[in-house]
Structures are given as C-alpha cells and as structure tokens.
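Just so you know, the protein sequences line up as chains G and R, in that order.
Under our numbering, residue 181 is the last one in the first sequence; the count climbs by one each step, no gaps.
Under our numbering, residue 414 is the last one in the second sequence; the count climbs by one each step, no gaps.
No wet-lab data here; the hints were simulated from the structure.
Incorrect hints may have been included.
The calculated DSSO-like cross-link candidates involving lysine-lysine, where the alpha carbons are at most 27 Å apart (straight line), are [unchecked claim]:
(1) R:K333 x G:K173
(2) G:K176 x R:K167
(3) G:K72 x R:K333
Reference excerpt, derived from the structure (chain R facing chain G, CB under 8 Å, subset only) [what the hints assert, rightly or not]:
(4) V9
(5) Q18
(6) L21
(7) R26
(8) K167
(9) L181
(10) V184
(11) L228
(12) D331
(13) K333
(14) V335
(15) D339
(16) Q340
(17) L359
Counterexamples of contact, computed for chain R against chain G with all Cβ distances above 12 Å [stated by the list, open to error]:
(18) L107
(19) P163
(20) P298
(21) A313
Glycine residues also receive a C-beta, built at the ideal position from the N, C-alpha and C atoms.
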Amino acid sequence: MVRLARLGYFMGLSRTGPPALFTSESAVEARLDRSEWQRVYEECFPRVFRALVAAGARPDEAEDALHDAFEKALTRQDEIVRPEGWLFVVGLRRWRSHRIRSAIFAPLSILQHTTEMNGEGTELLSEMRRLPLRQRQVLAARYLVGLSQDETAAALGIARGTVAAHTTQGLAKLRKRLEVR
Amino acid sequence: MNPYERPVVDRLQGEVAQIPLPPRERWTPPERHRSRLLPALAATGAVVALAVIIAAPALERVSSQGEGVGAAGSSTAPRAAALACATPDQATSPACRLITGRVVEVLGPQLVRVTPDALTIAADFENPALFEADARTRIEPAASSIGAAGVKPGGRVQVAFDPLAPKTASGAYALTRFVVLSAVGAPDCTNGTPLMDIARFPQPTTHGGATPEAAFRSAYPGIPDFELFPYGLSPQTPVWVVAGTDTYEATILQDGTWFISPAKFVRCISFEEIRTFSQSPGSSPNPSSLRPAPTDPPPFPGGRAPTATEVTAQQVEAGMPSGAAIFAATDPKCVLSADQTSFRCALSRAPAPEIPNFLDAKESLVIGGRVAGGCLGLDRGGMTWQCYIGQDAVDRAIVGQNLLGQPAPYPGRG
C-alpha cells in the first residue's frame, strides 16, 4: 500500500516543514491550503467526535480531546495514513488521560459520568456504554470511524484477531441486550 | 459482518448520528485567519478569474493540438481539467488503477455498490464495496452521474479509487474513475460465482409461464419494460431480469415452465467459500441459491444431535433458512428460553407464503449441514417460531426420529 503523508497532503503541508506549524501564523498561512484543511477538518470532526462520545466520553471531554488531537496532528512531521483513525486514537488517549487526571484531582467530578443523551431513541448507544472499554473502542473505530480490521488493530496496538473477537463479542452483546429489552 | 450483525450496526450508526455536535463556531477554523486572508484571497481570485477568461480559449486550442488522443475518455475533454486521473501522471497513480467488477446495487445518482471480480482484491475491502462519485470523478462514457450512465445491477464496470483517502459522508470510497463496460447484464463473476438472494421459491404445484418473458408478464403485469439476460447459451439456463432498478431471476421448473422471483445480486463469491458453505450451510446468507454439489457434512460431535444448550442463537438463526426455504431472507433473531430448552425466534420479514396459516407449522432446523431440530410456528403470519433442538424436536413431533441427524444440503420446501 502506498503510504502518504495524508493529513499533510490534504492540507498542502510539506513533510519537511517547520516543527511546530502553529507557532508561527505566517508559517501556517504560507503552507496551509485552507480549503483542503477545512475539508479534512469538517469531514473528520463530526465522525470522530461522535465516535468518542459513543466510546464513553462526555461531549465536552470529546470536544477537548479532539481539538487536542487536531492540534497534535498539525505539529506532526511523520506520516498519517488515515486521519480519522489517527484522530480517534489520539482523542481516546487524551480523553482517558483527562479522566485519570480528573479522578486524581477532583474525585467527585468523576461521579458526574453522565451523557447529554436523553435516552429517547438511543437505547443501543446506552447499551454500548455498558460494554468494556476495549469493545467500545473497537466498535467505535470499526463502525463509527470506519476503519478496517487491520487499521483498527494498528491504531489501537492490538492484534487483528483481537479486533475481530471484540467486534463479534461486542455486537453479539448489543444484539442480545436489545432483544431482552 | 454477518447479516445478523448488520441491523445492530445500522441502528448504532443511526443513534450515533443523533449525537449533537458542538456549536459550529467551535469546530470551524478560526475566523481571524479568514478575516485577514479574505481581502487577499478575493483579490487573487479576481486576478486568476480574469486570467482564465482571457487565456482559456488559447489554452483549449493548445491542449487540443498537443498529444493527439490524450487521456482516456476524450469525449469528456471540456471537463478534463476538473476531473481526476486526467493527466498521464495521475493516470498511473494507485488511485487511478482500474478494478473490474459487477454492479450489485445502484443506491443513488452517485452511489453504487460493486463487487470486484478479483476476490483477492475484494478481500482487502468490503465485498461488495460502496463507491461514491463526485464532480471530479471521471465517468466513462461521459455522463453527469453514475445514475445517468444507465448502469444497472449486474452491469460490468471498472472503478478506481484511493483506498487511503477518507471515505465520503455516506461511508463510501470516493471514486476517481468509473468506467461502464456494459450497463446491464447477468451477474457473472470471473473467479467465482454470483451469490443471489432469492425472495421466493416455487411450490411443488407451481406452474409458471411458457417462457421467461411470459412468466414475468404474468407475474408482474404492471411492469411493461424489462430486459432479459440468460446466464448461458442453453435454453434451460436461468435468466436474469432487469426492470428499472429491480431485478428478478427466472428459473425453469420440472414441468418445463418458468418461475419468476425477485432476486438480488449479493456479491461474487469464491469457489473456496462455496466449499465452506457446503460444509456449514448455516453460514451462508442464502445457500440454496448457490447449489453447490451435495457433500455429506461431518456427523454431529459425539454422534448424536445436540441439545439446546450446545448450540448458539446464531447457529439457530442460520439454521432456520438452511432448514426451510420459506425462511430465506427473513433475518431471524433467536433467544434461548429461560429454561434453556428451546429458542424463541422472531423474523424481521414474513416467510414465503407457502401456506395460509403458519400457526403450529413445523419446519426443520439444519445446523452444520444436518437436521438438528425443528421449529414450530407460533402465529398465523409466521413471524414468531419456537425452535427445539435435537431429541426435543422429535419428542414434540416436529421432526421424525429418522430425520434427525440426516444430511440436508438444501433448504426444504413444502
């Protein structure tokens, strides 16, 4: 497979550009193809944001994590093959580390683990949040972000067979829970 | 993803699409860039537009004199500058490499599902894979959209796309090229065979039309326009019927008449898969339409039929259409009963109307190619069934003792 510096390619960025593109606005403006950047941003943001929420993040956490991920993407020099997959995984890590920090510094705030979903017409999403974290991550990566098994395995750092197993088990649980309801 | 997981995924995606996004202003690029760039962009745009207006006629003349034949699809020359794969450099890129396949479904003016002929390629992507064209897609022969190209299920096409590019909002691969080799035709798979989803099966007493055309006109008098595509040269080979976006299959009955059923081309399937299906028919969405050569499946473990606790709901769900043709394309969902002696199964679609009343109807259940139990109809419409496994099915007189454990390569009828 041909590997491309995908995000940089879309944004019209050089792979050998300055280390931190946002440190200098002139550098950004000089190198950034605005329409391409906006297209990637607008294509990826809704899908990855919703995947993070489905994986268990609160909307505000998902938004923060995703913005962090986008910022990190812009400062990268190496290749990003699937921006949505990369953003999803980096967003997941940001969200998890934020959760851990929140738990350490403000233990009670973790109790406010609520979503802004009202439950109306979102039964399956609620059930998905009861799955183990890894199954949520895999299902979100596969079916909400749109990654293949191989891409999911590479993004999450697990074996392809593990992805398949989590996918099957997660979907089976969701289906059974739906039937019980 | 198997057919039983698809509804869960579809519903999950539907629910996730309802998650509200943050306010738009929080996830669009900062305004300060726009305000600073706008005047400059506007001025640059004006200059470029002026230059294009002045230079376009001259450039067009130069390009028409340049390389003779030029890129493929020269009839699209007026659009060429905007089209993907237009220049020789682009045309040799991986994103412009053409893959041959058959159209499975045309979902919209720009959205099409295609099964690649080369099943090694198919294995790398979804099979069939969803493709979407846009204004940059090079459609050949030139057309404004895939729909306008007149391609129908079964048609032979070539597609080119960048597998690494982000998928479209529809979850499709973005097409760079879409070449129509034959807009319509019977599904045919170069290195395999078509997998068909047949909606109806003939009854033992069914008498069809004298010809495929007569059978179709008799079954669907409201559809005057349709095309017939025999699968082969023999007068008895099945015939693929295309009427608008709907497709049907005509098959010859034992009495020499023709029977018509709505039919969907699911995908191309390799011979290796067929062998797998013949060993475990339950894993096929519709193994009856494949008609692999019957082979004796392995006996049940331990030499006896399983009990309810030894099979999974998925096996029962797959075992229903494997056991009875009326369950084809009904998408059963089964749950083990609380006492763990049977499965309660609900169908997503009504079974084929083989009999007027399905209450207390009895159908066999086939797991691993052998009769493993039977199902009892719980309502007149046939939407709910209680399936008993092994000896339980015999004790309830759903299947005979002699039938239990026997090979059942094809779904039963009647």
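These are the hints, each one checked on the structure:
For the hint pairing R:K333 with G:K173, the CA-to-CA distance comes to about 13 Å; that is within 27 Å, so the pair holds. Distance restraint check for G:K176 and R:K167: the Cα-Cα separation of roughly 30 Å exceeds the 27 Å cut-off, and the hinted pair is therefore not satisfied. Note on G:K72 and R:K333: the hinted pairing is violated, with a Cα-Cα distance of about 45 Å set against a maximum of 27 Å. The criterion of a C-beta within 8 Å of any C-beta in chain G is met by R:V9, whose closest approach is roughly 5 Å, and the hint holds.
About 6 Å separates the beta-carbon of R:Q18 from the nearest beta-carbon of chain G, less than 8 Å, and the hint is met. Proximity of R:L21 to chain G holds as hinted, the smallest CB-CB distance being about 6 Å (cut-off 8 Å). The interface hint given for R:R26 holds, since its Cβ lies 7 Å from the closest Cβ of chain G, which is under the 8 Å cut-off. Interface hint status for R:K167: upheld, as the beta-carbon distance to the closest one in chain G is roughly 5 Å, under 8 Å.
Hint status for R:L181 relative to chain G: violated, with the closest Cβ pair at about 26 Å, above 8 Å. Below 8 Å, beta-carbon pairs count as interface contacts, and R:V184 has none with chain G, the closest being about 31 Å; its hint is therefore violated. With its C-beta approaching chain G no nearer than about 39 Å, R:L228 sits outside the 8 Å limit, and its interface hint is violated. For R:D331, the shortest C-beta to C-beta distance to chain G is roughly 12 Å, which exceeds 8 Å, and the interface hint is violated.
Interface hint status for R:K333: upheld, as the beta-carbon distance to the closest one in chain G is roughly 6 Å, under 8 Å. At about 5 Å, the closest approach between the beta carbon of R:V335 and any beta carbon in chain G falls short of 8 Å, and the interface hint on this residue holds. A hinted interface residue such as R:D339 counts as satisfied when its beta carbon comes closer than 8 Å to some beta carbon of chain G; here the least separation is about 16 Å, so the hint is violated. Hint status for R:Q340: violated, given a least beta-carbon distance of 14 Å to chain G, over 8 Å.
Against a cut-off of 8 Å between C-beta atoms, the interface hint on R:L359 is violated, since the closest Cβ of chain G lies about 23 Å away. The claim that R:L107 is not at the interface with chain G holds, since no C-beta of that chain comes within 12 Å of its own (minimum 17 Å). Chain G draws R:P163 into its interface by the beta-carbon criterion, the shortest separation being 7 Å against a cut-off of 12 Å. Distance check for R:P298 against chain G: the nearest CB is about 23 Å away, which clears 12 Å, and the non-interface claim stands.
A beta-carbon of chain G is positioned within 12 Å of the beta-carbon of R:A313; the least distance is around 8 Å.
Figure legend: structure checked against the earlier numbered hints; hints not met, in rising order: 2, 3, 9, 10, 11, 12, 15, 16, 17, 19 and 21.
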